[in-house]
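Peer 1: Listed below are the residues making up each chain.
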Amino acid sequence: MNEQFRPRPMLHQPADDHILAGVRRRMADVEPLLPAAPAWVPPTTKGATGARRVQVRVRSRAYGLRGLAVAFAAVAIVALVVGPLGFRGAPGVEATGSPRPLFGMTVLRYAVDSIDGRSPTKVEETQLFDMIGARLRAAGIAQFEMAAGYSLEIDIHGPVDLTAVRYLLGHRGVFEIVPLPPGQYGTYLGAGPKEVPASGDQIDPALPVLIPDGDLLRNQIKPDSSTGLWDVQFRLNADGAGKLVAFSTAHVNDFIAIVLDGKVVSAPYIHGPITDGSGTISGNFTASEAMLLAMVLQNGPLAFPIHEISAANGPSSTTGS
Amino acid sequence: MMAIVTVERGSPELLERVGSARPFEDAEEAGASFEALYRQRYRDVYRYALLMLRSAQDAEDVTGEAFQKAYEAWRSGHGPAGQSLPWLLLITRRLVIDKVRRRRLLSWLPLASLHPSREPANDADTGRTEFWLWFERFARELPERQREVLILRYQRDLDDEAIGEILGLSSSGVRSLVARACATLRRNPEIWR
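Chains A and B, in that order, give the protein sequences. Residues in the first sequence are numbered consecutively from 11, following the numbering used here. Residues in the second sequence are numbered consecutively from 2, following the numbering used here.
Just so you know, the hints here were simulated from the structure itself, not pulled from any lab data. Each hint should be verified, as a subset may be incorrect.
[To be verified] Label-pair distances were calculated between CB atoms; the ranges are:
hint, chain 1, residue 1, chain 2, residue 2, range
1, B, Ser177, A, Val255, 20 to 30 Å
2, B, Ile98, A, Asp126, 41 to 51 Å
3, A, Pro169, B, Glu142, 35 to 45 Å
[Said to hold, decoys possible] These stretches of chain B come out as covered by chain A in the derived footprint (C-beta under 8 Å, 3 or more residues):
hint, stretch
4, 44-53
5, 80-91
6, 164-173
[Stated by the list, open to error] Only pairs whose alpha carbons sit at most 27 Å apart, straight line, appear in this in silico DSSO-like list of lysine-lysine:
hint, chain 1, residue 1, chain 2, residue 2
7, A, Lys253, B, Lys70
8, A, Lys132, B, Lys100
9, A, Lys132, A, Lys204
Where is the CB? At the ideal position from N, CA and C, for every residue including glycine.
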């Protein structure tokens, strides 16, 4: 027989049935993980359910909307009561020309930190004022004055939630996504020599940033509680989404760190390719924490970081009487 | 009172009763009948949701919601046209897709429960970890549709036609998807051996 027509030995190929039987055998290991059916409670009205957790979630959402309505009402009442009193503004910033109230004022003093040894120029200082003003207005604080001397002084008139203001001004707001190298931090499937950083840990500054703050779409950031927990949803621009899809496709099961101002907010692992350029920042937030974080990110990072020096009630020493 | 187990086994007159889309005469009949279906199929629906979502809490939520929607539909005469399991899984699948969209493909779980090395090493947990380690590998190698068709294939009593109903495919489309999944798995024998 000609060499050319000699039948070649066939390589053994397992049949599909054989493969499916193998998968079925491995899949059967899920059975011990399945719970028994809880007692069936037929829903009595449309929208109710026998599953307790779903009921809780519905209530939670209703509470969220009610909370928002209450917050809006509170802001409206404050604006109506305090608005007519008005105040005399410092030159250039939030000035209305009306008399300053003599009570119910909080005076906060901040120091402006330098970046790489450089202090802000006059223009940058104005930008910083604008950004701080935007954050305060986003939180429903309408009446305030700012003045720059040896320190940055912010006088807030009327009732104020100091914790919220400190959160808003205490975070510069630089968002980053930093991949955690599997050689150091391991993957979802196995630990590495270093611990995956926990919430609040400082991120290693030597690690390269995958998604910088500039890739966030500011108008697509929102707090959300649809899963029953409060978190902040974000969306990236085309550039950021492209980088994320390429990275997530090649690094399934690797850890990444969501970083705010150099500190880790959460360090999830990549479940699968992230194709829509969106994600969620979660960290066991309360409703107000999620809303404040969203406000910080929506308004963009402060041009220069600031830190609080003092907080007091009473008239201002530099802009007040 | 109707016995759902008998319906599932194909008693013609009861199958006709379930598939007739006729509203139940009274709430008691509907409730008792549905409870039998719930008891029989809870684990099947939960298993599908668990394997699709890989989160026990999400699976519990989705399963509860799926039975609620199924009950509302059944009571108002929009029950299954044939077997109840594909109908239940179709409802569940829509909820799973909603859930995955909400989750935005990223799972932000507490880190303490993520890392296998940090799990307590008792027998139950080891078994759980072993299964999930295998499943993560299985899920990583197979594209989403191929993975889903094999998960559905594992569900009891589901033939190609029923799987096609759930996935919106013809029977031949399902067979083709299974064949492609097998071709993928053939290159990764450690997953099925």
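Peer 1: Taking 8 Å as the C-beta cutoff, is the stated coverage of the stretch 164-173 of chain B by chain A satisfied by three or more residues?
Peer 2: Not satisfied, violated; 0 residues make the cut.
Peer 1: With a cut-off of 8 Å between beta carbons, are at least three residues of the stretch 44-53 of chain B near chain A?
Peer 2: holds (count 5)
Peer 1: Range hint 20 to 30 Å: satisfied by the CB atoms of B/Ser177 and A/Val255?
Peer 2: holds, 27 Å
Peer 1: If I claimed the Cβ atoms of B/Ile98 and A/Asp126 lie 41 to 51 Å apart, would that claim hold in this structure?
Peer 2: Holds, since B/Ile98 and A/Asp126 (Cβ atoms, about 48 Å apart) stay within the stated range.
Peer 1: Next pair to validate is A/Lys132 with B/Lys100; report whether the Cα-Cα distance is within 27 Å.
Peer 2: violated, 49 Å
Peer 1: Hinted pair, alpha-carbon criterion (27 Å max): A/Lys132, A/Lys204. Please report holds or violated.
Peer 2: violated, 44 Å
Peer 1: Indicate whether the distance between the beta carbons of A/Pro169 and B/Glu142 respects the range 35 to 45 Å.
Peer 2: violated, 58 Å
Peer 1: Taking 8 Å as the Cβ threshold, is the statement that the stretch 80-91 of chain B is covered by chain A upheld or broken by the three-residue rule?
Peer 2: violated (count 0)
Peer 1: If you draw a straight line from the CA of A/Lys253 to the CA of B/Lys70, is it 27 Å or shorter?
Peer 2: It is violated: about 39 Å lies between the C-alpha atoms, which goes past 27 Å.
Consistency with the previously given hints fails for numbers 3, 5, 6, 7, 8, 9, ordered from lowest to highest.
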